[in-house]
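Chains as they are written, first to last, in my numbering: chain A, 25 to 710; chain B, 176 to 761.
Bear in mind the hints are in silico, worked out from the structure with no lab data behind them.
The C-beta atom is built at its ideal place from N, Cα and C for all residues, glycine as well.
Certain hints may be false.
Each pair of labels, with its calculated beta carbon distance range [claimed, not checked]: (1) B/Pro529 / A/His205: 48 to 58 Å; (2) B/Thr668 / A/Ala596: 45 to 55 Å; (3) A/Glu558 / B/Thr339: 16 to 26 Å; (4) A/Arg254 / B/Glu734: 58 to 68 Å; (5) B/Glu452 / A/Ala597: 55 to 65 Å.
Just so you have them, the derived chain A footprint on chain B, three or more residues with Cβ under 8 Å [said to hold, decoys possible]: (6) 229-242; (7) 256-263; (8) 573-581; (9) 588-599; (10) 621-632; (11) 709-722.
Residues per chain are reported as follows:
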Amino acid sequence: MFSIGVDIGGTFTDFTVHDRRTGRLFVEKCLTTPREPERAVLNGLEALARRIPGLEAQSERVNHATTLVTNAILERKGARVALLTTEGFRDVIEQRLEFRYDVYDLFIRFPDPVVPRQLRFGIEERVYADGDVLTPLNEAQLLEVVAELKRLDIEAVAVCYLHAYRNPVHERRTAELLVEHLPGVPVSLSHAVNPEPREYERSSTTVLDAYVKPVVSAYLERLSGELAQRGIRRELEIMLSNGGSTTASTARDYPIQIIESGPAAGVEAAIWTCGQIGIADALSFDMGGTTAKLCVIRDGTAGRARKFEAGRVHRFVAGSGHPVAVPVYDLVEIGAGGGSIARLDQLGLIAVGPESAGADPGPACYGQGGALPSVTDADLLLGLLDPAHFLGGQMALDVAAAEQAVREAVAEPLGISVTEAAYGIFDLVNETMAAAARLHVAEKGCDPTRLSVIAFGGAGPVHATELARKLGCPRVVFPPNAGVMSSVGLLTAPPSFERVLPLKLRAATLSVAALRQAVAPLRTAIAATLAQPEAAVTFRYVAEMWHQGQEYPIEIGFTPAEFDEALPRLLAARFAERYRELYGRPGDDTPVELAGLRVVGDLPEQRLTEVAPFAPGTARSLGTRRLYDPATKAFHDVPVIDRAALQPGEEIAGPVVVQERESGFAIRANDRLRVHASGAVFVELG
Amino acid sequence: MARSLDPILTKILWNRLISIVDEAATGLVRTSYSIVVRDYHDYCVGIFDARGNMLAHSTKTAPGFIAMMPNAMRHFMQVYPVETLREGDVIATNDPWIATGHLLDLTVAAPIFLDGTLVGFTVCVVHHLDIGGRMASIESRDMYEEGLKIPILKLYEAGQPNETLLSVIRANVRMSPKVLGDINAQMAANSIVIAGVRKMIREYDFADLEALADTITRLAGQSMRARLRALPNGIYRNEVRLPPVGALTEPMVIRVAVEIADESVIVDYEGSSPEVEAAVNCTLPFATSYTAYGIKVMVDPTVPNNAGCLEPITVRAPRGSIISCNPPAPTWGRTVIAHNLPEALFGALAPAMPGQVIAACGSTPLVAMYFNGRKHDGEEFLSIISHCGGFGASADRDGYGTLCFPYNTAAIPVEVTEADTCLVYQRKEFAADTAGPGRHRGGVGQEVVFRVADGSHAPPSPVASTLRGSPRNPNSTYPAFGRDGGGAGRGATLTLNGNPVPQGGRQQLRPGDEVCLLLPGGGGHGDPLTRDADAVRADVLAGLVTRAGAQADYGVLLEGAEATIDHAATSILRRSRSESLQTAAN
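The following block holds chain B by itself, in its conformation from the complex:
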């Protein structure tokens, strides 16, 4: 006799589902052949019930996968209805309009059978090193330039690999042994989920996952709806203008209207720019993921995510826009758009949630570059480099330095990148005066300098790369905004051998070529003239703020080798600064 799902058992089994997917994620990492999985953490593992409802996903995940996996699952079940599936089947796709918005991620799902009955699915998404095509360029004009598209197909049939499909993949991708090895690692993750779910169901003598699924999705949905109800009804709007990238000349507009209607929220991107001729367009499932993430993280962050959390959220976007492009628009660098969506929502909802919204993060959006070439010993590499600016300040504290948002990939260690490639870092340190000033300042940004090895370690051939920096230049339409009187983050430059280079253009790097990246700090929160002078002094002593910055941004005057605060002069300076600001405002 199965135990009833009382609140205690429900909580235990909910945690159990999460621990199963986390264990599977660990298995994925341990069997993987690539740094993208091992160090960059660009993956997600999920559990679904037999009806296709998402029940849990791994703690380590990119937010771009959280609402897109259910969409992929629905499509999988349309193409391969449940009654046609057999044990050992594996379904896969990388279709950007069904799954994760670009071809590089392969989404695989496998049915979970228990004593001949299908009780659920396991899904594993992995960002692969390569999928062929032009390799990681925003210059592609359509999807066909971006690599191999795999429609919804069976990768395994009743436990037997689909050798035709695997050999097509092998023939079309760079670094194919690693790519194929990582596909195998996805299979391992699925096996671990299948074993874990079976064990759990047997242990508690359930017939399937449905009762548990109904309970935890209901609870999650109730919680989200209750939190939404606590917000004032209304339509909240925001608009941001992203600086042009690649060959574009006009800013890209994200326009959003967030309608809070009792217990639901409708996010509508009507009025956003039409899709562009640069590989930065979002597909609707991917934009939906980042939108749902933005809502969840602000409205109801503590309940573990499942289908229930997503149910009260509706996302709409005009077809053919940068938020919901039509095939075959190019989408490789869709994070250039999608990563700004949570912040756009924050800006819209700030009036409804006073004091609860953080300033902009200097790390938004992702700054990632791909490098393909050979090490001096001739070994080929294909590697990603990604580093972050500072986090946004909040009403009660400073932002952390160099912390990602809204994506959640880790910085690949310098030592790992250097061992894998022919790149050599010169510098990676906090950059002074980059934090947006405020009563609480933003997180500090950083300077990253690296070069292609020369001399005895020079590569035998040039390194192909697409260089990208942060678009959040303080002089652009899109600085890392402060909030409630806080200043914007500073920084954001990208140079090659000292000269500015365009964003996302393909480059051939030669031995000794040096790339310098200044990544901006986060936005500040509250009036910097009210910041505790001792905190300003501490930042000066740590070298995070210069004395000139202390005076200019915070009105704090420091004297002598010990940087003693001149309290009298500081209070005079702060008063006059504050008065002149008021005069200017009037």
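In isolation and in its complexed conformation, chain A is listed as follows:
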């Protein structure tokens, strides 16, 4: 019985297979195929199936994460979107909230709107705040606009009418007409994407949903079909941005929900690692080919938010991106990865990213035709990667191509050596990440000197020690399988789905019987999604509560056993307790309301809990490698050790390079390496 985690990054697609009978983990990594991302998934599965007999037929679960959404937004490579709004309100996404996110900075920047003004159209219609129709939808005018959209070669349409969250009748009718007259062009409706008031956040979220929909939807449809053909029974799961899951068919309809699926999988993995090694406070550092993700973990868990921002344009400062109203882990993501391209900016200074060479053409050293120097090329030239053993030797790296790219784009124009240029690229990308991390850590009120950096992702281990040094973190942890860690994170959470019942009930007088009745169909739907009888599913409930007139609910969990006549009293007591915990004092006499009830169903036995004991190999020295030392500005021969051969409890003093199949890292002269019983490597920085 197997569970499969597949994480597609901008550059690599990572796989973890967990055999529940033996506890064994199998991992795999292959190049992402950006034009048809499912190719890489199928290639990897085939490779795994050769190693694991019966894999496809006996797979219970495939959980998937992909950075396709976020990369499309960061690199502004989404669809050509038109936005339909209520007439008179077509500038909502560009007017924003009219305030400055930094009160002291007169020169702050905001992102350019995803839909330019020429592609925003006002439609005559109006719904009142209570849902009554004030002005009917002018279908004749709408059809004129649709004809214009056809002429403009629009690839996706976002519709955001005022108060559609209350009454979506006009958005629905608009969608019908669009489907009829603009067949094949996907449509995103605001009431379905983000059914909440506040037109700016809802418009922004809807527009981004449309922006990524053509690429994500087509991809997931193809992948689901391929997996079904291979005999995998349960519908493909996609990780949500807050670590929960959804089905591929829902994700196709609302792709913005999975915007942070990859980073969320990484956070799940880091939280799991913290549990394995027994530390409470950490900085999760996940650096792939295209982006780096950083997330503070406190007391063994990461914060969640109901909103986040995509594509921040001003020094990563909160407020400088596009708001996206989806539940997420509270992390920062920046356009800095192994594929980030180095160039000279208009002032003639080195700049790195956010543009990425991705997987195709990839860094120059991949020898696939990429001519621009990337961070990976710099890493290679500094001796941080082994040209012969990249991906366990599957992929030879072309040192000459890397050298040429760095020389032409950076070294020669600046009149410096190739090594100096490579180190400049390496140092700059580390500094860029450190700046974002400092801000995030400060926002959370944490002290970096008390955080261990948990390093993973294809490029994370290579850059983690220098990042940690810049931040003042004392220790870096390299979990086993660091290079494919996010795909492990896809298996550490159980298959889990939730449905929300919107309510507006006085908590003190609610009818438990009526509520149980209202919840029944949601339970049935969840069980159907999990392809299990209802009795096999573990349910729990989360009540969203507030004092009437407030707008931010407090979440109160309860179990099915507690769903009885005593529930109102139990909710009142837990609400009061939690309110005091959060705000340091009791609320007032205003009645407490139940604003919603979330029903969560999962299959806990299918999560990854036990892992087969760490089994060190015997091979040891892999010879030496010439590694650049910034202190002496020279290359020195440094011993290379095979990670698979490290023994638990073993301690080694730097300098040394540790090589593993999916990644590797170098430690400096004053650093010390120690191997934890779980196989994780701790490096204490000197």
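Since the structure of chain A is already known, use the hints to place chain B on it.
Structure of chain B alone, referenced to chain A:
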């Protein structure tokens, strides 16, 4: 043994203080009952040390609170000396001459005790929905018409609420459950700061906040002084004439002399108009806040604000002037004056900081209107509407459209206002040709149209309101000025059912009444005839500049459906325009 405050730990703990007040601000928003806090962000949370020095304030804040909180703190400590305070005490006031310049804001402070020792204070200011009186009118003739004044009193005593004071408030304000609920939210914010500061001090094994306070205020002060020293010494002057409001007939003069003297700056408003019989007068603490903000944002914007930043700044104003009125002058709409102070300073200091000063913002000053009435279902509401013109252009880029300055309140979403009131928006969009032309143009202004619901959603009674628009009409004494050859922003009209209405007058709005507000664009920067013709074309394609505007303001001629630039005709037109301008100048 406490760790020494090396540069790294200092930075960490400085950030920690800011994150504590930001967390408290989040708690305030989450427990609040009003849109003014939740969506409008009219609040501030601060941390002070035991001596009353401000150490940090929330990232979201109105600049009007930044220098006034220290003043309120000093008064609090005079009335209630530190040694008399107990854990659980909360001190409050809304005295305009001590705190925020009008009665609507309640400033509350609570001591932070650690193991029985007072180590600091938390302060939270919130703009409340109502404080009684005439409600948000510039027609009030004195403070007594403006509502309930709360002298410095204890709102809580050793954790016990002062029920007498709370019931007086409850009996005197509109929407009292929401007002009382928001006072409770201020208590929550204070609790979060107290818990956060205690945790931080314990975690690092400090005895109190003093060493940290000394270090970060010293660093901030050094930085501000170094930046001031880099400016040429001298006295820099400016004068602006604000158009009359309400029943006034004469312009109001703001005269300012900014003296840069080595490492300090003295801002003197001598010569400004005497206080007026309209509720727009500033009190000195409030004017000081906006003055300090103007200096900081121009001279040393990046260092997080604390007492040290403010220390080299001295503000003087004649008693009994619009900048420093005497009690009991009416002050409700003091932003009509105060919001112009940073720009007046910019104008004065521009010669000392060539190329670094932005053009005027069409959003200056705040345009806010209050509405009190009932929805069609009978529920009472009291709501604020505020929208912005465009930001000023700078030497290297266009201004953003619809962006506030110098205040920092957010536009309340249309959907939130409509759900809360009986108002229905008809339109809220950028208005073409409002941006002040320039090599870099100002931010675009907007047109906002809304009406009182009629038909089935008509309110049962008229809606009381004070209508206000932007005073920055291009034909007035006070347009949204351009800079370095840039033109002024355009726009600025206010009509009720198509007819102009006076600023700030009280109106009874009836079902179907329609208010139209044109908010001006920001001023342009540099000669518009040198603006990149492609950028002009892009603005025309986006509908932000008309073809007529492209020709008249920028000398760019566009042809055909694709708006192709006629380069030959454009260069001839630009040359002749530029020559005739030079001739006119000579």
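Going through the numbered hints above, which ones does this structure break? Give me the numbers in ascending order.
3, 7
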